[in-house]
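Colleague: Given chain A's structure and the hints, the job is docking chain B onto it.
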Amino acid sequence: TQLLEQSPQFLSIQEGENLTVYCNSSSVFSSLQWYRQEPGEGPVLLVTVVTGGEVKKLKRLTFQFGDARKDSSLHITAAQPGDTGLYLCAGAVPKLVFGAGTILRVKS
Amino acid sequence: GAVVSQHPSRVICKSGTSVKIECRSLDFQATTMFWYRQFPKQSLMLMATSNEGSKATYEQGVEKDKFLINHASLTLSTLTVASAHPEDSSFYICSASSGPGQPQHFGDGTRLSIL
Chain A
1 TQLLEQSPQF LSIQEGENLT VYCNSSSVFS SLQWYRQEPG EGPVLLVTVV
51 TGGEVKKLKR LTFQFGDARK DSSLHITAAQ PGDTGLYLCA GAVPKLVFGA
101 GTILRVKS
Chain B
1 GAVVSQHPSR VICKSGTSVK IECRSLDFQA TTMFWYRQFP KQSLMLMATS
51 NEGSKATYEQ GVEKDKFLIN HASLTLSTLT VASAHPEDSS FYICSASSGP
101 GQPQHFGDGT RLSIL
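If you're matching them up, the sequences are chains A and B in order.
Take the first sequence: its position 60, counted from the start at 1, is 60 in this note's numbering, and no numbers get skipped.
Take the second sequence: its position 46, counted from the start at 1, is 46 in this note's numbering, and no numbers get skipped.
Hints are computed from structural coordinates only; laboratory data are not their basis.
It should be emphasised that the depicted structure is a prediction, and the values quoted were computed from it without experimental measurement.
Glycine residues also receive a C-beta, built at the ideal position from the N, C-alpha and C atoms.
Accuracy of the hints is not assured; some may be wrong.
[To be verified] Dumping the calculated PhoX-like pairs for lysine-lysine here, alpha-carbon to alpha-carbon at most 20 Å:
id	chain 1	residue 1	chain 2	residue 2
1	A	K70	A	K56
2	A	K107	B	K41
3	B	K66	B	K14
4	A	K70	A	K107
5	B	K14	A	K95
6	B	K20	B	K55
[Said to hold, decoys possible] With beta-carbon atoms standing in for the labels, derived distance ranges:
id	chain 1	residue 1	chain 2	residue 2	range
7	A	P39	B	S73	29 to 37 Å
8	B	P40	A	E15	21 to 29 Å
9	B	L26	A	V50	24 to 32 Å
10	B	G61	A	A78	39 to 47 Å
[Stated by the list, open to error] Here are a few chain A residues that sit away from chain B, every Cβ distance over 10 Å (derived from the structure):
id	residue
11	T20
12	K57
13	Q80
Bound-form chain B, shown alone:
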């Protein structure tokens, strides 16, 4: 149980393109979803927390107009990187939790490469 599916697994696109990443909880209802960014051989850095039906809460230093998050249902959250540039290249990972105090279950990540 507790499967989280993230799609796509890899994106390569030109600078200036907007990229959408989907995160789905397949077998449970995720009241909260989290988006992380990870650089090679480093830990996860929380970007934002989204609760179903409400606006996402962004961590300090994360541009909300750059990283658009939508959590329209209890099983789907999306992260859109608007007008992506090479410095946005990274490994983006989502996680989902069924409620406060419950463990987070992670997707397999999306490798974003901006040329």
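Chain A with its partners taken away, still in its complex shape:
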């Protein structure tokens, strides 16, 4: 069983649309990280959330950490083709555990 359930697994949308990716668990995390990975490259850290209820914004990306520190979401506003990639959430327990990933494709 996956410690971190990430959904959806695959998302194909048109440029300009909004989307949300969810990361859920029954475990409590000391911190949670979101990464974006392009084919043939390593994951790039987008954000780390630490405090329950925390909201962080990175341009068009909004990250939220659940109050109980068991879940998180990534919301992208007005998606662009450059947002295409694999998005991974990872929770620290304290060893880093990755979700299955969400493949996002933004069509122009």
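Modeller: Same frame as chain A, now just chain B:
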């Protein structure tokens, strides 16, 4: 800051060859380095965790005699795939952290193809 360099980026070799992959932290001291394996369109699977100067800790199901890890300094860890076979073909990624609770910074991965 926090740059991790992984080399080589791609390896193609014959079955039975041993392959060494290097992971270097360029601008920080990495007390802990991690090695992952990733299959196409899937997430990262942790293979092992290495701390500088000590033996690596392997995840369940990962053969330590097959995947040899050395973390001899605070800036370098190596993964050697011993006598590689086609089923070892995969994308191998390393990451480095400066300490407990600190984020992991990833290398760009190594695409290993065994013929």
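Colleague: Would you mind confirming whether the straight-line C-alpha gap from K107/A to K41/B stays at or under 20 Å?
Modeller: holds, 18 Å
Colleague: Tell me if the beta carbons of G61/B and A78/A are separated by a distance inside 39 to 47 Å.
Modeller: holds, 43 Å
Colleague: Does T20/A sit more than 10 Å from chain B, CB to CB?
Modeller: holds, 19 Å
Colleague: Holds or violated: K70/A and K56/A, Cα atoms, limit 20 Å.
Modeller: holds, 16 Å
Colleague: Is the nearest Cβ of chain B still more than 10 Å from the Cβ of Q80/A?
Modeller: Non-interface label on Q80/A holds, nearest chain B Cβ at 21 Å vs cutoff 10 Å.
Colleague: Under the criterion that the straight-line Cα-Cα distance not exceed 20 Å, is the pair K70/A, K107/A satisfied?
Modeller: Violated, at about 32 Å.
Colleague: CB of P39/A to CB of S73/B, is that within 29 to 37 Å?
Modeller: holds, 31 Å
Colleague: Does the alpha-carbon distance linking K20/B and K55/B stay inside the 20 Å limit?
Modeller: The given pair, whose Cα atoms are some 17 Å apart, holds under the 20 Å limit.
Colleague: If I take the minimum Cβ distance from K57/A to any residue of chain B, is it greater than 10 Å?
Modeller: The claim holds: K57/A sits with its nearest Cβ about 18 Å from chain B, beyond 10 Å.
Colleague: Does the Cβ distance between P40/B and E15/A fall inside 21 to 29 Å?
Modeller: Holds, since P40/B and E15/A (Cβ atoms, about 25 Å apart) stay within the stated range.
Colleague: In this structure, is the beta-carbon distance linking L26/B and V50/A contained in 24 to 32 Å?
Modeller: Given a distance of about 26 Å, which is inside 24 to 32 Å, the answer is holds.
Colleague: Please verify whether K14/B and K95/A have alpha carbons no more than 20 Å apart.
Modeller: violated, 35 Å
When the structure is compared with the earlier hints, violations turn up for hints 4, 5 and for no others.
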